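Asks: Got two chains here, each in a separate frame; can you build the complex from them with the hints?
First to last, the sequence lines map onto chains E and S.
Just so you know, we're using this note's numbering here: the first sequence kicks off at 13 and counts up by one.
Just so you know, we're using this note's numbering here: the second sequence kicks off at 393 and counts up by one.
Some clues are possibly wrong.
Claimed, not checked - In the DSS-like style, the derived pairs of lysine-lysine whose C-alpha atoms are separated by at most 27 Å in a straight line are:
no. : chain 1 : residue 1 : chain 2 : residue 2
1   : S       : LYS523    : E       : LYS125
2   : E       : LYS204    : S       : LYS523
3   : E       : LYS204    : E       : LYS125
As the list claims (entries may be wrong) - Cβ-Cβ distance ranges computed for the label pairs, FRET-style:
no. : chain 1 : residue 1 : chain 2 : residue 2 : range
4   : S       : ALA550    : E       : ALA311    : 30 to 40 Å
5   : E       : ARG20     : S       : ALA551    : 46 to 56 Å
6   : S       : HIS471    : E       : PRO51     : 47 to 57 Å
7   : S       : THR408    : E       : ALA323    : 39 to 49 Å
8   : S       : ALA551    : E       : VAL161    : 36 to 46 Å
9   : S       : GLY501    : E       : VAL350    : 40 to 50 Å
10  : S       : GLY501    : E       : ALA423    : 53 to 63 Å
11  : E       : HIS157    : S       : THR408    : 37 to 47 Å
12  : E       : GLY124    : S       : SER437    : 38 to 48 Å
Simulated from the structure, these hints should not be mistaken for laboratory data.
The model shown is predicted, which means the values in this text are computed figures rather than measured ones.
C-beta: ideal position from N, C-alpha, C; glycine also.
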Amino acid sequence: MTAAEIIRAAPTTPCHPWPRHVLPGQSWQAMADALAADPLALLALWADAGHVHALFRDGADILPASTAIVGGAYPALSPHRPAAAWFERAIRDLWGHQAAGGTDSRPWLDHGKWGQTAPLSTRPAAASGAAEPPEFLPVEGEDIHQIPVGPVHAGIIEPGHFRFHAQGETVVRLEVRLGYLHKGTLALMRGKSPRAAARFAARLSGDSTVAHSIAFARAAEAATATDPPPRAHALRGVMAEIERIANHLGDCGAIVNDAAFPMLQARFTWHREAVLRATARAFGNRLMMDAVIPGGVAADITAEGPPAILAALAAIEAEHGELARLAEDTSSLVDRLVSTGTLSAALAARFAAGGVVGRAAGQPGDLRVAPGYPPYRTLDVRPALLTEGDVDARFRVRMAEITESIRLLRALLASLPDGPVSITLPMASAEGIGWAEGFRGDIWHWLRLDGGLIAAAFPRDPSWLHWPLLESAVRGNIVADFPLVNKSFNGSYSGVDL
Amino acid sequence: MVWNRIARTLRAGPLTEPAGAADEATAHALAERLHAASQARLGRSLAIRQVDAGSCNGCELEIHMLNSVVYDLERFGLHFVASPRHADVLLVTGPVTKSMHDALLRTHGATPDPKWVVAVGDCAIDGGVFKGSYAITGGTDSAVPVDLTIRGCPPSPAALLDGLRSLVEANGR
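Next up, chain S with everything else stripped away, as it sits in the complex (with noise of 0.2 Å):
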């Protein structure tokens, strides 16, 4: 039956979607942002370790969806390991719990330079709803410094290959 499928798979070609190109505007202001931090290049291909510091597992859901068929996110050059020593970027989500701070401090040390932090979802970007909470300390950027921040409640994995293309893109040039 396995054999089966392969020849079907193969017969009907790939069902991933093809992709537009990437958001110009954004790996344009971003191009500038990453040369400025770094001189080293990387190349058109980036490493990813996502961190959760407080997600409800939402943005988790739509992280999943990227390595789908659908998406394929390796054809951009991007791939998620599973070591931040491996990794050229943070992707992390939630708001920054209290007793995530000093693991994402520490995940983030573990990342070698140079390094970009990607903040995702409505509570990586400001704490979201749990803003005013005793048990966060905010956003990702009250830990560590961030290099993008890509919106929603979650973000669908559309716009996070949006953001993510930006920064490779940006990365190459």
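Same shape as in the complex, but just chain E (with noise of 0.2 Å):
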């Protein structure tokens, strides 16, 4: 039986809108072995107080999966799935659940200074957990020194710790250590009602705030078989689609300012602000934060809105050919993105790596041309694919995807339904999964719900599986050309620490 066949064969139970396979402890070793032969995508991995779940994609189809906890441990998904790795030390940290056989147990977001250990487990020990400093992955060779950086950084970023090994110039490892900025989300979201937590749904990670919050509200709308009104989808959907270019301008210009050349950043910088004001008068608020809440959207969009967010994209559109252009044409900028960062095709489609990392290397993922998500179903959306998987092409990606965005956004609001923003959503006892595209790539929310209230929760950014092939695609290149790659990724930080 191959891995899917397993999983569905297994009982279920009610989830919104896929059901979920309860598999018994040997299915799901079962079903741990199949996945060495089987190219079943794993999305996501976390747990609650008794069981271990997992969301897997399959073709279209789209797998809930879990198992309970038997002695503290269940079977690891990591010898076949590197993804897993990071999502079973971050289940041991935050529930004290233990994956049998996995292929790394060192602390991940559990630092030793919350003073308690498994803080979302039924039963929190008074303990300090792991103890500093870290351990790395050891490294031999001739000549091999190590670069320690971080957690504060030089620029202006988000804390994390990188771990170079380098030989000379060259990187032969590099170990991402997270975690410094774990604020206990999930915990915050526990008793709340839907719209209460969604103010941390939006803090998960502030340059995807309506990317989450509409993954998170879409969640709790499955759960409570509640459908907003079509005005709410589409302002989503405008909202959704200003971030997407607002942050790929942001991380175009950053890309072309860490290879020196700082004239096309300043442009691409103005039209982010442009943006960002328009964003303001139309709905606000500049990063839209808390724009988006469960059953719609907190207040429509301001009469002056769409004259000023049209005059931006406008402004963008006249100019983009010829910064595309100038990027293609200057050999400087040229010789440091082309063949720098290289993420192979393979790899990406073994950590189903979404977003720009999954579609500058070959992968066609794309939630927004998926069913059952609006407002994109009459849209035909057309992302962008490349296959060199290189900073150029991600790059790129992200230009294709400004050109495309802004076509939308002009449907959108030259077809604004009239009604009203929201509904309230009803009181429920029920689980639901939600998602969006965001400017990253494919966002997941699982929640269940208990008399209305949040029982369990858990949020899946992209940078889950983009941070771990950040670090396969800088091996073999200088240690100057790691910030250039990593703005190309541009991994959330705190999306991952929770």
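Replies: Put into structure tokens, the structure is as follows:
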């Protein structure tokens, strides 16, 4: 049997829109073994007090699967799905469940500073967890030296620790150690109504506040069988595409700036500022923080909003071609971007990498073309797709997506449906999964409601699958190119630190 | 193509927006505190080291915009530096997570006196929405003394600029 067949053969428990398969221990083990020869994509792995949960994608179908924790452990998925390793380490740190047979048992989010271990378990122990200093993987060879960087970095950037092993100028191994931004978000969400917990979804990763808010809201709406009004769906689409354009402009600028070409960055940030100002006029907040709520959106777009947004888009469009040509024709820039930080298509596929990172390495996934994702159904989204997998490809995918998002925004703004912008969610005891395509890629939220309040939740930022790929892509590059490669991935630190 | 653009830019003039006067009341209040804190004058120029102590990265996005051509922070004598050892000001964002608490203390310790701490954003002021979490110690002042706060979630670049210019004005008196 394939892994997907094993999952489908297991009994289900209600979860909307996809029932969750609860596998007996031996079936989970058989499924974990079957993953060795099976391309089934692992999207997320998390836990609650008594179960571990996995989210798989089988072609166009989504398969949630769970198994009960027995004796404080569950069979690990990491032997055949390397992407599972970070999740398994996070599960151990947050819920205290061990991944039996896992490839990496080092602490992850727990740096030994919380004054307790397993804070999300039913009975957190008053003890300090992991001991400093952290343990890094050994590297053997002639003339290898280590370069420790962070958690406080040289730029205006989130904190994290990068441990380079280098041979001369060449990176032999990079290990990313995150967790510094762990804010206890999942514990804060518990016991709150979806409306109150939405403030935490909005602050998982500030640059994706709209996309995370949409995915969280859709999970709550799925659980409560609620469909927001058409105008709310359309306005969410408007906000999501604005967020995509604003972040892509920022990222394209950051990439060229790290390749010492600030003239181009000046233009990208100029347009980014224009978009943010138009957004403030349309929705009252430059980043649209808390603008999306479960049941719809917090407020309607202002009358002056659409013309302001369209004017900012027109300015981008007028210069987009020239900026793209300038990037392509400047040899010093091309020299830095092309064939730097290359991610192979095979590895991207193995990690089910979505978003810009995946689409620049031959992975066509874009949730906006998936069924059941208003308002994109009628818009015929055409995702960009390149195969080179280098910094240049990630730059060009972003440039292409800016153009496509301008088209989508014009279509959305030209046909905003009339009517209310939100409805109230009923109280329910149910489970739901929501998703959204953020500027980084596919975002997934799972939650379980008990009497209308959140009993358990898990948000999966795309960065969970991108960070390990960054470790791979930077190998063999010179240390000086790391900032460039890192910017081209632009993983969220806060989004995975929870 | 590059030369065409440069020629066009020279003809068109700078895109940077003119700035009004710095917030006089804030500058006055700050000047008294700064004078009490230090006899040393740094002149009308301050080097800033940004420290994310637990932010969601929203504040960082807006701080980044200060370096854009629209706001051009450096014309006010303010510039971001890569090391706390070069800094006069620590610009701290986020609630202070327990895992960043030591790093923030050490960054503060590495910053030479006289130094000032600016807490940026609602989370940095008192922990914001993360107040009460097992994983944070509170706002910036739960780790280091704070001289100036700039509210917002996140604060706009204009609000950031107002706060920082008050600091320069106060420092120059």
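Asks: Identify every previously stated hint that the structure contradicts and give their numbers, smallest first.
Replies: 4, 7 and 8
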